[in-house]
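Student: Residue numbers (my numbering), protein chains in the order written: chain W, 1 to 276; chain D, 1 to 295.
The hints are simulated quantities; they were obtained by calculation from the structure and are not laboratory data. Among the hints, erroneous ones may be present.
[Unchecked claim] In silico lysine-lysine, DSS-like type, Cα no more than 30 Å apart, as pairs: (1) D:LYS289 to W:LYS169; (2) W:LYS94 to W:LYS169; (3) W:LYS94 to D:LYS289; (4) W:LYS94 to W:LYS176.
[What the hints assert, rightly or not] To list a few chain D residues with every Cβ distance to chain W over 12 Å, as calculated: (5) LEU73; (6) LEU74; (7) ASN77; (8) ARG83; (9) ILE156; (10) ALA161; (11) ALA267.
[Unchecked claim] Cβ-Cβ distance ranges computed for the label pairs, FRET-style: (12) D:ALA37 to W:GLU171: 16 to 26 Å; (13) D:THR198 to W:SER181: 57 to 67 Å; (14) W:SER240 to D:PHE151: 18 to 28 Å; (15) W:HIS133 to D:ILE244: 35 to 45 Å; (16) D:ALA37 to W:THR69: 36 to 46 Å; (17) W:PRO55 to D:ILE33: 46 to 56 Å; (18) D:VAL55 to W:TRP66: 28 to 38 Å; (19) D:VAL55 to W:SER240: 32 to 42 Å; (20) D:ILE33 to W:ILE177: 14 to 24 Å; (21) W:GLU239 to D:PHE151: 16 to 26 Å.
Idealized CB from N, CA, C, for every residue including glycine.
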Amino acid sequence: MKHAAYALTPNRGERMLRHAVVLYIWALVALPLVALLRFGLREGLVALAEALRSPVALSAIWLTLWTSTLVALINMLLGTATAWALVRYRLPGKTLLAALIDLPLAIPTLVTGLMIAVLYGPLSAAGRMFEAHGIQIVFAQPGIVLALLFVTLPFVIRAVEPVLMEIDKSEEEAAKILGASAIRVFRTVFLPSIAPAVLSSGIRSLGRALGEFGAIVIVAGNIPFRTLTAPVYVFGEIESGTPRTAAAVSLLLLTIALGLHAAAHAIERRIGARDA
Amino acid sequence: MLEHAHSRAAVAPTTIPASALHADARTAAWEGIARAAISGVVLLYLATVLVAPLVALASELTRVGLRAALNALLQPNALFALRMSLVLAAIAVTVNAVLGTLGALVIVRHRFIGRAWLSALADLPLAISPVMIGLSFLLLLGREGWLTPLFDHFGIKIMFAFPGLLIATLFVALPYTLREIVYVLEEIGTSEEEAAATLGASPWQIFWRVTLPNIRFGLAYGVLMTLSRSLGEFGAVLVLGGSISGQTQTATTFIHDAIEERQSAGAYGMAAVLAFTSVALLLTLSWAKRRRQAS
Numbered sequence: 001m002k003h004a005a006y007a008l009t010p011n012r013g014e015r016m017l018r019h020a021v022v023l024y025i026w027a028l029v030a031l032p033l034v035a036l037l038r039f040g041l042r043e044g045l046v047a048l049a050e051a052l053r054s055p056v057a058l059s060a061i062w063l064t065l066w067t068s069t070l071v072a073l074i075n076m077l078l079g080t081a082t083a084w085a086l087v088r089y090r091l092p093g094k095t096l097l098a099a100l101i102d103l104p105l106a107i108p109t110l111v112t113g114l115m116i117a118v119l120y121g122p123l124s125a126a127g128r129m130f131e132a133h134g135i136q137i138v139f140a141q142p143g144i145v146l147a148l149l150f151v152t153l154p155f156v157i158r159a160v161e162p163v164l165m166e167i168d169k170s171e172e173e174a175a176k177i178l179g180a181s182a183i184r185v186f187r188t189v190f191l192p193s194i195a196p197a198v199l200s201s202g203i204r205s206l207g208r209a210l211g212e213f214g215a216i217v218i219v220a221g222n223i224p225f226r227t228l229t230a231p232v233y234v235f236g237e238i239e240s241g242t243p244r245t246a247a248a249v250s251l252l253l254l255t256i257a258l259g260l261h262a263a264a265h266a267i268e269r270r271i272g273a274r275d276a
Numbered sequence: 001m002l003e004h005a006h007s008r009a010a011v012a013p014t015t016i017p018a019s020a021l022h023a024d025a026r027t028a029a030w031e032g033i034a035r036a037a038i039s040g041v042v043l044l045y046l047a048t049v050l051v052a053p054l055v056a057l058a059s060e061l062t063r064v065g066l067r068a069a070l071n072a073l074l075q076p077n078a079l080f081a082l083r084m085s086l087v088l089a090a091i092a093v094t095v096n097a098v099l100g101t102l103g104a105l106v107i108v109r110h111r112f113i114g115r116a117w118l119s120a121l122a123d124l125p126l127a128i129s130p131v132m133i134g135l136s137f138l139l140l141l142g143r144e145g146w147l148t149p150l151f152d153h154f155g156i157k158i159m160f161a162f163p164g165l166l167i168a169t170l171f172v173a174l175p176y177t178l179r180e181i182v183y184v185l186e187e188i189g190t191s192e193e194e195a196a197a198t199l200g201a202s203p204w205q206i207f208w209r210v211t212l213p214n215i216r217f218g219l220a221y222g223v224l225m226t227l228s229r230s231l232g233e234f235g236a237v238l239v240l241g242g243s244i245s246g247q248t249q250t251a252t253t254f255i256h257d258a259i260e261e262r263q264s265a266g267a268y269g270m271a272a273v274l275a276f277t278s279v280a281l282l283l284t285l286s287w288a289k290r291r292r293q294a295s
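Let the hints inform the model, and build the full structure from the sequences given.
Tutor: Quick look at the structure:
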């Protein structure tokens with residue numbers, strides 16, 4: 001066919017355009033990642049593993065892994081509850097809340113960090129209150145968790161909401177009429193429908209949390225072995241001119257992040273959902 | 001048919017035994033408790049995680065004083081940082097509007113080897129930590145970088161200069177427009193374009209008269225997302241630009257430096273500007289969404 005602006009057999013001009021697009025995306029995205037991979041593997045896998053053996057690096061990776069996992073689990077639980085409440089209940093200020101939920105996607109992460117530092121910092125009422133009970137939030141691990149919760153808040157809510165809206169009312173009513181308890185209705189009618197969305201968006205929030213930098217760098221205080229997360233550690237290593245360890249930690253986290261991305265993508269494809 | 005009859009029999013009130021009615025009342029009571037409990041937990045959760053930080057920033061800004069914040073923002077280096085962010089965002093929006101549209105058309109409507117790879121690559125910036133993006137470009141274009149000799153040859157400075165900031169911004173903003181349009185193109189199919197071609201329209205006419213009007217909401221949506229993402233980028237811009245005041249400092253890295261230097265008026269002022277901008281963008285976005293659904 002000749003007029004092929006829309007079709008599967010492009011003409012010469014369109015092929016040139018395609019080559020330009022392909023080149024641009026490969027150069028912009030693949031090239032730097034290949035550079036990172038090449039640099040990290042330059043001295044072999046053994047040297048790479050050796051670079052990961054530093055106690056500071058290990059503790060940073062561990063801190064990032066457990067805080068992110070905790071945040072993903074909280075998201076899966078409370079995000080689902082939030083979606084449930086937004087779809088099915090009447091809440092005070094619901095319109096405003098529903099609009100606010102996307103805000104973490106739009107607000108710069110550094111501003112998020114600043115907001116949390118202000119809210120729970122030593123000068124604020126909330127910060128003093130927690131301090132009086134011996135709980136430190138800013139420059140401590142709870143601050144990291146709160147910052148990650150803010151930036152990942154929309155993921156599960158926005159993935160589960162449309163699924164809940166689509167569930168057939170008649171199925172729920174049928175189950176109730178047949179005498180199923182509320183918990184049983186939830187388990188047999190709702191859970192099977194929302195489980196894949198909860199899982200894939202939970203995985204996405206985990207991946208997002210693993211790489212978070214801006215929201216954490218101000219809140220955490222970045223104390224080695226206590227509040228230094230892996231991305232902040234990588235930044236520190238770049239600044240101090242030791243890209244070798246930075247590359248090693250990056251490659252490890254990147255591998256995990258890409259694995260999670262692929263897993264979430266596979267689930268979304270299966271349920272035909274749109275990527276978060 | 002049989003099933004239908006069966007379910008109707010179950011609905012008929014006469015067939016519900018007394019024990020089931022009892023269970024019904026119990027279920028209703030449980031649901032009331034669950035409703036109250038879930039609503040309470042959700043409101044508490046949203047108030048703590050989402051609303052309280054926003055309120056804290058606003059109240060801190062009034063404590064520091066709006067006038068002081070405004071004065072700090074009118075300093076030359078603050079204005080420079082703000083302008084730098086706007087310029088970067090404007091370029092990212094323009095480049096992504098064009099390349100996002102082309103890229104989406106290529107990914108959805110062309111068939112070629114490596115198409116799936118291209119689609120995956122275009123998604124990748126969403127999955128990579130900004131710091132690691134910065135590091136990767138540093139290893140590609142930095143002191144001992146792969147491509148450094150090439151750019152040195154032409155006398156182009158990338159690291160800690162404007163091109164570095166631009167590359168970082170283009171990388172992080174790449175997926176937004178493209179994915180929006182891919183989604184729209186997959187939904188609408190090609191029948192309208194085929195009709196136009198049958199009626200004798202040229203490819204150029206088809207693009208401007210059929211394809212572009214069809215994807216306009218996706219494009220607008222992508223542009224707003226790109227704008228918000230570019231203005232907010234911090235990690236990659238910090239690594240590649242170095243946040244040199246008056247040279248490579250952007251709005252976000254300005255906030256970072258102002259915090260380090262304990263200049264709270266500047267930090268809160270700039271943070272408020274960015275937060276306000278993102279709220280405005282978000283409202284426009286949800287308005288565009290409603291328009292799209294309405295049309």
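Student: Each hint: holds or not?
Tutor: Status of the hints after comparison with the structure:
1. Proximity of D:LYS289 to W:LYS169 is assessed by CA-CA distance (about 26 Å); at most 30 Å being required, the pair is judged to hold.
2. Note on W:LYS94 and W:LYS169: the hinted pairing holds, with a Cα-Cα distance of about 22 Å set against a maximum of 30 Å.
3. Distance restraint check for W:LYS94 and D:LYS289: the Cα-Cα separation of roughly 18 Å lies within the 30 Å cut-off, and the hinted pair is therefore satisfied.
4. With a C-alpha separation of about 27 Å, the suggested pair W:LYS94 and W:LYS176 falls inside the 30 Å cut-off, and the hint holds.
5. The Cβ of D:LEU73 sits about 15 Å from the closest Cβ of chain W, beyond the 12 Å cut-off, so the non-interface label holds.
6. No Cβ of chain W approaches the Cβ of D:LEU74 within 12 Å, the least distance being about 20 Å, so the stated non-interface status holds.
7. Taking the minimum C-beta to C-beta distance to chain W, about 17 Å, the non-interface status of D:ASN77 holds against the 12 Å cut.
8. Every CB of chain W is more than 12 Å from the CB of D:ARG83 (nearest about 17 Å), matching its label as outside the interface.
9. Even its closest Cβ contact with chain W, about 15 Å, leaves D:ILE156 beyond 12 Å, as expected for a residue assigned away from the interface.
10. For D:ALA161, the condition that its CB be more than 12 Å from all CB atoms of chain W holds, with the nearest at approximately 17 Å.
11. The beta carbon of D:ALA267 is not kept farther than 12 Å from every beta carbon of chain W, the shortest such distance being approximately 7 Å.
12. The supplied range of 16 to 26 Å is met by D:ALA37 and W:GLU171, whose beta-carbon atoms lie about 24 Å from each other.
13. For D:THR198 and W:SER181, the hinted distance range of 57 to 67 Å is satisfied, since their beta carbons lie about 59 Å from each other.
14. At roughly 25 Å, the beta-carbon separation of W:SER240 and D:PHE151 lies within the given 18 to 28 Å, and the hint holds.
15. For W:HIS133 and D:ILE244, the Cβ-Cβ distance of about 43 Å falls inside the hinted range of 35 to 45 Å, so the restraint holds.
16. Separation of D:ALA37 from W:THR69 is about 26 Å and departs from the stated range, judged on CB atoms against 36 to 46 Å.
17. Between W:PRO55 and D:ILE33 the C-beta distance comes to about 49 Å, which sits within the given range of 46 to 56 Å.
18. For D:VAL55 and W:TRP66, the hinted distance range of 28 to 38 Å is satisfied, since their beta carbons lie about 29 Å from each other.
19. Checked against the hint of 32 to 42 Å, the C-beta distance between D:VAL55 and W:SER240 comes to roughly 38 Å, which is consistent with it.
20. Between D:ILE33 and W:ILE177 the Cβ separation comes to about 21 Å, which falls inside the hinted range of 14 to 24 Å.
21. Range check, W:GLU239 to D:PHE151: Cβ separation about 23 Å, and the 16 to 26 Å hint holds.
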